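Chains as they are written, first to last, in our numbering: chain V, 1 to 375; chain F, 1001 to 1140.
Treat the hints as calculated values from the structure; they're not laboratory data. Just to be clear, a hint being listed does not mean it is correct.
Okay, derived cross-link-like pairs now, DSSO-like style, lysine-lysine, Cα gap no bigger than 30 Å in a straight line [unchecked claim]:
id : chain 1 : residue 1 : chain 2 : residue 2
1  : F       : K1030     : V       : K251
2  : F       : K1135     : V       : K296
3  : V       : K296      : F       : K1053
4  : V       : K106      : V       : K195
5  : V       : K291      : F       : K1136
6  : F       : K1135     : F       : K1030
Across the chosen pairs, the derived CB separations fall in these ranges [as the list claims (entries may be wrong)]:
id : chain 1 : residue 1 : chain 2 : residue 2 : range
7  : F       : G1130     : V       : K291      : 16 to 24 Å
8  : F       : N1014     : V       : R353      : 34 to 42 Å
9  : F       : D1100     : V       : E350      : 23 to 31 Å
10 : V       : L222      : F       : N1014     : 50 to 58 Å
11 : F       : N1014     : V       : L50       : 18 to 26 Å
12 : F       : K1127     : V       : D170      : 50 to 58 Å
13 : V       : C256      : F       : D1100     : 29 to 37 Å
Note that the structure is a prediction, hence the values are computed from the model and not measured. Heads up, the beta-carbon is just placed ideally off N, CA and C, and yes, glycines get one too.
As a plain string of letters, each chain reads:
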Amino acid sequence: MTDCVRLPVDQGNMNAAFKDFFARLLEKDVVQALFLPMRQPDGVMAMHTLVRDPERLDGLDPLAPVTPTSAARLLSSLTFKKPGYRIGAFLRPCDFRAYVELVKLKQADLDQVLVITTDCRGRMETRDYLGLVAESGDAAALDFLRRAAAGDDTLALVQACRVCEHPAHDGADISLRLFGGNPEEGILFCAQTDKGRDALGETGLEEAQEPAGRTRELSSLLEARTAERDAMFEEYEARASSFSSLRDTLKTCINCYNCRAACPVCYCRECVFLTDTFRHDPEQYFRWAGKRGRVKLPTDTAFFHITRMFHMSTLCVGCGQCSAACPNDLPVMELFRTAARRTQARFGYEPGRSPDEPLPLSVFEDKEFEDLTAE
Amino acid sequence: MSDQEPVIVAFVCNWCTFTAADLAGTSRLKYPPNVRLIRMMCSGMVDPKYVLKAFFEGADGVLIGGCHPGDCHYINGNYKARRRVALIKEVLALYGLEEDRIWLRWIGASEGNIFAETIKEMTEKIKSLGPTELKKELVA
């Protein structure tokens, strides 16, 4: 008895096979809505689209190697109030992990969502993806998968993906176990929960086995990514080891707060930096400049980033949307992952691992951190 | 200015540590004048931003004083403070701010002598650490 089924792909047309699969989920009422990356009718950009009509899956491209904004945040806008519809949603592992954190923050729902994730080779920044589409057209996703599997160094993978140690997630309802297989011939869908098993049972697809090479591919990818991640940590621990070196790293930051807006786990409904607390009285600037001789504007640059670290570094899943959003190419992801590694270790916490694991700053024990008070 | 005296900002809870400080005062106990007290209703309302701001504005050390675990006037504020202080220390240590500059201490209302002792100890410790790197180039 296997939990996996195989979706055959005809003549290398992967997206046509996906269309059949997802249309079936709607037609059989497994779900009442789909939330999938789809090319829009008037363009080539793959954006997460809410679909209720199985006839409107034209342009479906779930494996398009691009996530223009956090899909976790987008899905939460559909589920922050318990939805009246069952939704079949495609989320990359990073987006799924962020979504799990949003569920803990009571800003998203998992009960009404059938989550489909994938073995993930990573993604590209929007402008690089558009370049790929200009080259490969409709076959962009397959072209990307082929080149990534072959270890093509010229692929413009997002830095966050190069250091990501979560190319798969076994907590989602269904996973596309792509590694070790050939997506031009068939796609392996594996159920990882009862909900996933029930859903796949309705599709009438043939049972299949996981390809033998998957474990090997997964571990070699993990090895490469972990090495790059460790190199990144080494660089950034050294590079931002003092406030002045932090300020140097942030030298082009203009307090636009785009990183905050793009971050799926930046959870405040009203960010303190957008309130009057940071709308300093003009006299305050003159006082600062008077006391110190001069003051750079805007102020509160390092303050903003460190505060964001206090608020969400324990939840950071390293999705890299922050760096993607930065207009001045600041290494926001690198800064935050470096801080996150420390704060997550301090609390023994791994974001996105399980919705049952409480947020570390929302719980406490009677006796803990006793070394903190030197008692 | 060389040999500048260190500045310690202390966020102390109204019910326990602040009362202890008051007791130290009425008992005429001597302790160094380096501390600036800020009365909070509870150690659990010390936002990490206040600690960060204190350092950015020139503090060399920050003390957070609260009730003993189990004795918090608001039941569990001090437990929350404890986790928050662990978080603050971890993030600021990344940027070279020694963990020893941030002290979390449980000082009960009757422990005026412990309050005075703690300030004495902390002032000595901060003196030995010297001024923060931040102080050399204060930024908003």
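Taking the hints in turn, this is what the structure says about them:
1. F:K1030 x V:K251: 46 Å, violated
2. F:K1135 x V:K296: 16 Å, holds
3. V:K296 x F:K1053: At roughly 17 Å apart (the allowed maximum being 30 Å), K1053 of chain F and K296 of chain V satisfy the hint.
4. V:K106 x V:K195: 21 Å, holds
5. V:K291 x F:K1136: 13 Å, holds
6. F:K1135 x F:K1030: Holds: K1135 of chain F and K1030 of chain F sit about 28 Å apart, inside 30 Å.
7. F:G1130 x V:K291: 16 to 24 Å: Taking Cβ atoms as reference, G1130 of chain F and K291 of chain V lie about 21 Å apart, which means the hint holds.
8. F:N1014 x V:R353: 34 to 42 Å: 39 Å, holds
9. F:D1100 x V:E350: 23 to 31 Å: Hint holds: Cβ distance 29 Å, inside 23 to 31 Å.
10. V:L222 x F:N1014: 50 to 58 Å: 51 Å, holds
11. F:N1014 x V:L50: 18 to 26 Å: 51 Å, violated
12. F:K1127 x V:D170: 50 to 58 Å: 54 Å, holds
13. V:C256 x F:D1100: 29 to 37 Å: With a Cβ separation near 36 Å, C256 of chain V and D1100 of chain F satisfy 29 to 37 Å, so the hint holds.
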